[in-house]
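> Modelling step: build the complete structure from the supplied sequences, incorporating the hints.
2 protein chains.
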Amino acid sequence: MLEKADLKVKCSKEEYENIEEGLLERIGCLQRRLREKGIPVIILFDGWHASLRGRVISSVLAGLDPRGFRVRSAAKKNACTEGLPYMTRFWTELPAQGSIAIYNNSWYYGLFEDKADSAKKSEGAELKVHAEDVNVFEKQLADGGYLLIKIFLHISQERQEKNLEKLEKTYGKDWHKIDGNHVKEKEYELRYEIYDETIEATDKRKAKWYVIPAEDLQVAQREAFGVICREIETALKDERTDENYRLQEDAKKVPDVLSGFDLSLNVSKDEYKEELKEYQKKLQKLQFQLAKKDIAAIIAFEGWDASGKGGAIRRLTSLLDPVGYRVVPIGKPTETELQHHYLWRFWQAMPFPGEITIFDRTWYGRVLVERVESLVKEQEWRRAYREINETEELWRREGIVLIKFWLQIDKEQQMARFRDRENTPSKTWKITEEDWRNRSRWEEYEKAVNEMLFRTSTDVAPWVVVEANDKYHARLKVLKTVADEFDRALAKP
Amino acid sequence: MLEKADLKVKCSKEEYENIEEGLLERIGCLQRRLREKGIPVIILFDGWHASLRGRVISSVLAGLDPRGFRVRSAAKKNACTEGLPYMTRFWTELPAQGSIAIYNNSWYYGLFEDKADSAKKSEGAELKVHAEDVNVFEKQLADGGYLLIKIFLHISQERQEKNLEKLEKTYGKDWHKIDGNHVKEKEYELRYEIYDETIEATDKRKAKWYVIPAEDLQVAQREAFGVICREIETALKDERTDENYRLQEDAKKVPDVLSGFDLSLNVSKDEYKEELKEYQKKLQKLQFQLAKKDIAAIIAFEGWDASGKGGAIRRLTSLLDPVGYRVVPIGKPTETELQHHYLWRFWQAMPFPGEITIFDRTWYGRVLVERVESLVKEQEWRRAYREINETEELWRREGIVLIKFWLQIDKEQQMARFRDRENTPSKTWKITEEDWRNRSRWEEYEKAVNEMLFRTSTDVAPWVVVEANDKYHARLKVLKTVADEFDRALAKP
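Protein chains in written order, with our numbering: chain A, 1 to 493; chain B, 1 to 493.
For the record, the hints were derived by calculation from the structure and aren't laboratory data.
Just so it is clear, the structure is predicted and the values come from calculations on it, not from any experiment.
Every residue, glycine too, gets a C-beta built ideally from N, C-alpha and C.
Just so you know, not all the hints are guaranteed correct.
Which stretches of chain B does chain A cover? Using the computed rule of at least three CB atoms under 8 Å from a CB of chain A, they are [claimed, not checked]:
(1) 50-64
(2) 158-168
(3) 316-326
In structure tokens:
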């Protein structure tokens with residue numbers, strides 16, 4: 001795609017100054033309309049070293065209200081997400097509705113550098129970042145209502161050398177230090193190929209690339225304004241009717257997964273006490289082993305109201321080192337969370353190497369409460385099955401242990417526990433109007449749970465259904481499962 | 001203070017099991033009442049290595065609803081705040097109203113380690129963290145409505161050795177890896193002295209230390225519950241009448257600082273254009289030099305509505321590398337920000353070494369809009385003068401360049417600009433009801449500005465008042481001042 005850019009176009013300083021005021025006003029006005037409509041925008045500037053991206057970005061910024069944008073750079077280390085999956089950083093940095101994120105070097109930076117490093121090794125090393133992951137991410141963004149504008153600034157080898165000389169003359173030999181970007185000269189041909197093939201592989205309908213000639217600074221500035229303004233105008237016109245979206249009436253009928261479990265399973269108090277102690281001690285040691293090997297783990301709890309999630313989590317953690325794990329309770333999203341992609345808040349809680357994050361309710365809220373309460377459209381929760389599978393697969397591929405529990409009780413058992421909570425003064429705070437309202441929709445929830453278990457029990461991230469009418473049985477099954485999974489992760493070479 | 005702890009007290013496992021259920025219910029209930037009243041709580045567990053803090057913390061956690069607490073450890077690196085002033089981490093980690101932060105090793109960790117390291121050097125090295133900074137921080141927290149509970153777990157040298165042996169037997173030689181805490185054995189005497197004197201120096205009325213004997217695990221658990229519950233109960237009873245607080249009717253009358261500036265200062269368009277270009281180019285190079293030397297800078301803008309803050313910032317940044325600076329506009333606090341200390345959101349935006357944070361409006365909102373609009377009580381904004389001076393002094397001591405601008409225009413000039421905005425279609429969005437409302441309180445604001453300039457123009461962080469009736473003069477003064485300050489910072493050895 002690079003060859004299509006016409007590097008010969010010129011625009012004099014005077015010509016540019018004549019149109020500059022108009023461009024600034026136009027983009028400023030568009031930014032205000034984006035805010036009104038609550039559209040989040042991400043603008044990527046990638047391209048050659050010394051293609052003067054900083055200057056082009058500055059000229060765009062001059063028209064923007066700083067209350068609505070943030071400039072970022074993947075070439076600069078982000079210490080907060082070091083050690084976490086590559087995409088974590090970009091997920092946590094997503095702009096809120098109506099805001100603009102501008103990247104001088106985006107997630108493509110890692111891709112480009114990885115490929116260049118690999119190509120320079122004699123055998124070619126295995127890649128750590130894949131174009132396919134980027135495509136999945138960008139599709140999730142586009143589907144989630146983000147406007148993505150991808151700009152590649154292209155220059156010739158001669159221009160790069162001239163620019164490098166000029167930068168060196170202004171700032172001295174170490175001019176590149178400020179943006180953390182190491183200049184790799186004399187790699188033009190190698191990089192040309194890498195850029196070209198990567199752009200080709202990631203040029204998608206809703207995530208198009210714009211290759212802009214930057215041989216002449218004014219041309220690059222003018223073209224960048226043009227692309228950005230046109231893309232925003234199109235997004236503002238887009239009524240988001242989702243007319244092209246067809247619900248995939250899945251041919252396969254959803255089987256009644258839940259009915260296959262024996263809820264009468266139970267354990268005596270003595271046996272429980274003994275085994276509980278044993279497994280708690282075992283987990284205490286396993287946590288230490290995981291930490292030593294820098295293995296991260298996510299343990300996800302879902303289940304009916306009063307199915308005993310909290311109690312199970314408490315038994316699971318009681319002998320763990322409190323500094324090495326974290327319980328993240330998921331409730332109604334906050335104002336800020338609502339202004340982001342629904343997966344955003346979960347990416348914020350990624351466990352660092354050697355740590356454990358326990359979610360008390362999870363991202364599956366999308367296909368449970370949000371589905372049943374009609375908080376999102378059908379196409380949104382239907383799409384979530386795929387998005388969740390993609391996300392969990394990515395986590396697993398990064399070596400994170402992932403365990404998902406569904407705590408299953410029957411309707412009678414729930415009623416008994418609700419009554420108990422109502423009648424025990426120290427427990428009344430645990431039962432609310434909402435619990436009764438959810439209960440009245442039991443059958444709808446049951447349908448949603450069945451479909452969730454069916455569609456998101458993948459090879460790499462299977463659900464573990466826990467028979468939870470008997471609390472002792474349920475807790476022991478949870479502890480045993482976690483211990484087994486930790487053992488398995490530790491056994492891997 | 002350590003000697004006062006009675007290490008001989010015993011409590012058997014059976015005794016403890018008998019009271020455990022009651023303790024868990026009591027603390028769970030107190031947590032719910034804290035949430036209702038919106039009191040934020042910070043519980044510190046500091047003390048000897050191998051004093052089984054993790055176990056004591058776990059026993060407290062067992063009674064808490066995970067929706068309301070977070071366990072942290074200063075012994076574990078927090079990559080997000082590396083390179084920032086020592087206190088940044090603790091400021092950004094502050095719990096929201098109604099939430100509890102529990103530290104296994106708190107800000108005292110750095111103090112203790114620093115002192116131990118220094119003591120072991122032949123001459124004794126200079127300390128990087130000071131007890132006085134901690135006292136300032138804790139006072140600001142207490143004044144800001146945080147409940148602070150400081151617990152030190154004390155053990156004898158024999159007990160420490162026994163515990164170390166036991167831990168090693170369970171986990172192997174590297175048992176301490178999980179909490180990032182390096183065991184320094186055979187330092188008991190040295191550390192005894194350090195702990196004792198530090199505790200002594202930081203034991204304040206609203207930030208009391210509790211030294212708890214941890215010779216016997218059950219005693220430590222019981223005592224920790226006792227201290228925490230009693231402190232919370234006291235805080236819940238506290239009606240916060242601030243009866244002890246006396247407004248310091250400052251003897252010194254506030255002088256009319258503002259009137260001393262000549263608002264007729266102006267610059268011709270030609271001169272402006274020429275100098276602007278010169279200073280922008282100069283700043284471009286200076287930014288690079290600062291980055292190379294890892295010097296961070298904060299540039300704070302305050303001024304009347306329509307005094308030209310935005311325009312000045314735009315000229316200041318137009319040639320800067322967009323990746324190396326960030327404009328942080330300060331508006332009404334969000335829901336989340338309101339649940340924190342008023343200084344919290346500014347600590348979140350600390351510039352990393354080599355970077356520049358530009359605030360468009362600042363922490364001075366406390367003594368300007370919040371004072372004039374009566375959003376806070378008089379004692380709160382009065383206290384803020386001291387708190388702000390303390391905070392700015394701390395930043396300066398950490399080597400951060402701090403420049404504070406007040407853009408001064410007169411009432412007629414503001415009217416002319418308001419009218420211009422109303423009459424120019426591309427500018428109407430810039431003028432709102434609120435601007436007119438603020439204007440109607442001009443005299444009250446003037447009084448507040450005068451007092452602010454008078455009380456917070458310190459030697460290390462003086463205000464720069466910019467005569468801004470003429471935009472050209474104002475912008476050039478801003479650019480020149482920044483360039484001078486950067487030059488000065490770079491000239492330091």
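> Taking the hints in turn, state whether each one holds.
Okay, the hints, checked on the actual structure:
Given a C-beta distance limit of less than 8 Å, the hint that chain A covers the stretch 50-64 of chain B holds, as 5 residues qualify and 3 suffice. Beta-carbon proximity to chain A at under 8 Å applies to 0 residues in the stretch 158-168 of chain B; the threshold of 3 is not reached and the given coverage is violated. Look at the stretch 316-326 of chain B against chain A: 9 of its residues bring a Cβ nearer than 8 Å to a Cβ of that chain, three or more, so the hint holds.
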